[in-house]
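**Q** The lines below spell out each chain.
Protein chains: 2
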Amino acid sequence: MRCMTTPDNAPGTADTAADTSAEHTGVSAQDWAQASVDPQYRAAVVDLLGALAYGELAAFERLAEDAKLAPTLADKAELAKMASAEFHHFEQLRDRLAAIGAEPTEAMEPFVAALDGFHRQTAPSDWLEGLVKAYVGDSIASDFYREVAARLDSDTRALVLAVLDDTGHASFAVEKVRAAIDADPRVGGRLALWARRLMGEALSQSQRVVADRDALSTMLVGGVADGFDLAEVGRMFSRITEAHTKRMAALGLAA
Amino acid sequence: MRCMTTPDNAPGTADTAADTSAEHTGVSAQDWAQASVDPQYRAAVVDLLGALAYGELAAFERLAEDAKLAPTLADKAELAKMASAEFHHFEQLRDRLAAIGAEPTEAMEPFVAALDGFHRQTAPSDWLEGLVKAYVGDSIASDFYREVAARLDSDTRALVLAVLDDTGHASFAVEKVRAAIDADPRVGGRLALWARRLMGEALSQSQRVVADRDALSTMLVGGVADGFDLAEVGRMFSRITEAHTKRMAALGLAA
Numbered sequence: 001m002r003c004m005t006t007p008d009n010a011p012g013t014a015d016t017a018a019d020t021s022a023e024h025t026g027v028s029a030q031d032w033a034q035a036s037v038d039p040q041y042r043a044a045v046v047d048l049l050g051a052l053a054y055g056e057l058a059a060f061e062r063l064a065e066d067a068k069l070a071p072t073l074a075d076k077a078e079l080a081k082m083a084s085a086e087f088h089h090f091e092q093l094r095d096r097l098a099a100i101g102a103e104p105t106e107a108m109e110p111f112v113a114a115l116d117g118f119h120r121q122t123a124p125s126d127w128l129e130g131l132v133k134a135y136v137g138d139s140i141a142s143d144f145y146r147e148v149a150a151r152l153d154s155d156t157r158a159l160v161l162a163v164l165d166d167t168g169h170a171s172f173a174v175e176k177v178r179a180a181i182d183a184d185p186r187v188g189g190r191l192a193l194w195a196r197r198l199m200g201e202a203l204s205q206s207q208r209v210v211a212d213r214d215a216l217s218t219m220l221v222g223g224v225a226d227g228f229d230l231a232e233v234g235r236m237f238s239r240i241t242e243a244h245t246k247r248m249a250a251l252g253l254a255a
Numbered sequence: 001m002r003c004m005t006t007p008d009n010a011p012g013t014a015d016t017a018a019d020t021s022a023e024h025t026g027v028s029a030q031d032w033a034q035a036s037v038d039p040q041y042r043a044a045v046v047d048l049l050g051a052l053a054y055g056e057l058a059a060f061e062r063l064a065e066d067a068k069l070a071p072t073l074a075d076k077a078e079l080a081k082m083a084s085a086e087f088h089h090f091e092q093l094r095d096r097l098a099a100i101g102a103e104p105t106e107a108m109e110p111f112v113a114a115l116d117g118f119h120r121q122t123a124p125s126d127w128l129e130g131l132v133k134a135y136v137g138d139s140i141a142s143d144f145y146r147e148v149a150a151r152l153d154s155d156t157r158a159l160v161l162a163v164l165d166d167t168g169h170a171s172f173a174v175e176k177v178r179a180a181i182d183a184d185p186r187v188g189g190r191l192a193l194w195a196r197r198l199m200g201e202a203l204s205q206s207q208r209v210v211a212d213r214d215a216l217s218t219m220l221v222g223g224v225a226d227g228f229d230l231a232e233v234g235r236m237f238s239r240i241t242e243a244h245t246k247r248m249a250a251l252g253l254a255a
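Residue numbers (full-length UniProt numbering), protein chains in the order written: chain S, 1 to 255; chain F, 1 to 255.
It is worth saying that the hints were derived from the structure and are not from the lab. Do not rely on the hints blindly, as some may be mistaken.
The list treats identical chains as interchangeable, and a pair is accepted whether it falls inside one copy or across any two copies.
Stated by the list, open to error - Pairs of lysine to aspartate or glutamate residues, derived as EDC-like cross-links and limited to a Cα-Cα distance of at most 20 angstroms, are as follows:
(1) K81 - E65
(2) K81 - E91
(3) K176 - D212
(4) K68 - E106
(5) K81 - D153
(6) K246 - D155
(7) K176 - D153
(8) K68 - E91
(9) K81 - E103
(10) K246 - E201
(11) K246 - D75
(12) K176 - D38
(13) K68 - D214
(14) K81 - E109
(15) K68 - E109
(16) K176 - E65
(17) K81 - E201
(18) K176 - D75
(19) K176 - D126
(20) K81 - D214
Okay, chain S solo, but in the shape it has when bound:
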């Protein structure tokens, strides 16, 4: 379900995504050995893997925390399973960082404040809020990394797409949230507000990261070596927001 609504498949945004990746036939046709000769590209990938690695570790913690709110033992086990899957993604990213000669902890550090800030500002107050958060958070992260994947060398791209593999969370969350709204339609209004707050907080933290990390931001907007195009970053955020709106509508929530 998530895949069908990501920006690169959505009809209205497909052109933009294709245009952007077409500019980078250079790097995306190379493997890591070739592409990493450029120190700025190398720094951007270390940033990207560091952000993704800490994101997975934070997702592990968030899901394990949500498991405590689970109404049944079966739900608890389901969330623990997803948490464990996120941890194994973390391991792959950490091992990759080490393999390319980067210190994993150092690579993650720059992203701790933004991700922890996001989670602190959006602590779910119940099980359904936790599920919506996990679904929205996973989907946004997935959209973002798929946008980025097109600009990566073949080795890094394969890893990024592998760890974005659906952990089964999306369909689990969608099913539970739909059932709750069917049972009590007022729940939908509350969760719609919650999803809007999550998106706002995610955008605000992402912009903070983009502003702080030059090499990463430059890569995100197409590798212009002498700075980055803020308008292009804005367009990427628009595409992600649009995909979010469609997903929320499909879930029965007005975004």
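For chain S, the structure is supplied; the task is to place chain F on it using the hints.
**A** Here is chain F on its own, set in the frame of chain S:
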């Protein structure tokens, strides 16, 4: 380290353990197909696997929770790894329950109150208390299940011993706690009190379980079909307490 101090290896207790298992050459020489013909044995094994499965799920949650207290990203990743290992043990136990025709959730339910009670009464207030708790809790659980393993059919025994495989927590905790005591010896006094409280709470919750679950208790004390010998349960608890005391001394904590 843990293995060398378990009761069945300690010189003073080896005779008792050997005597007890000698009485049960019958069941322990059988496989599950043979042993499970006895409905009381079957019920006891479902109880045992249910208790162990929920214990692993609760350990997953506890370790994930402790990961939040970790002073460094590397420590956090280490705890997340252990949590994930506990989750995989949970999966094996749940799958085994399903394979022998038991509903995993129903098998776990009777042990939720005691395990949740234990964790609620002993929420660590900092990183070191969390480590000591994980170490003490793992060790006691491991001693207990090793005592029980001798009375099990060969198939169930193999599974129980497999999931008790050290997740690396013991040596990690021992190393960190020793370093903290070396740096500030006063920490040792505080943690010794904490370890004593943990042991007291563990014993009190275990006795609650033993009193509630007839089939399980009967198996624990040697399969006497018409009730169980409270004195023998007491001796088992003594052996476990004794092993705990030795471990605490080795850790630099007076128990």
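**Q** List, from low to high, the hint numbers that the structure doesn't satisfy.
**A** 3, 5, 6, 7, 11, 12, 13, 17, 20
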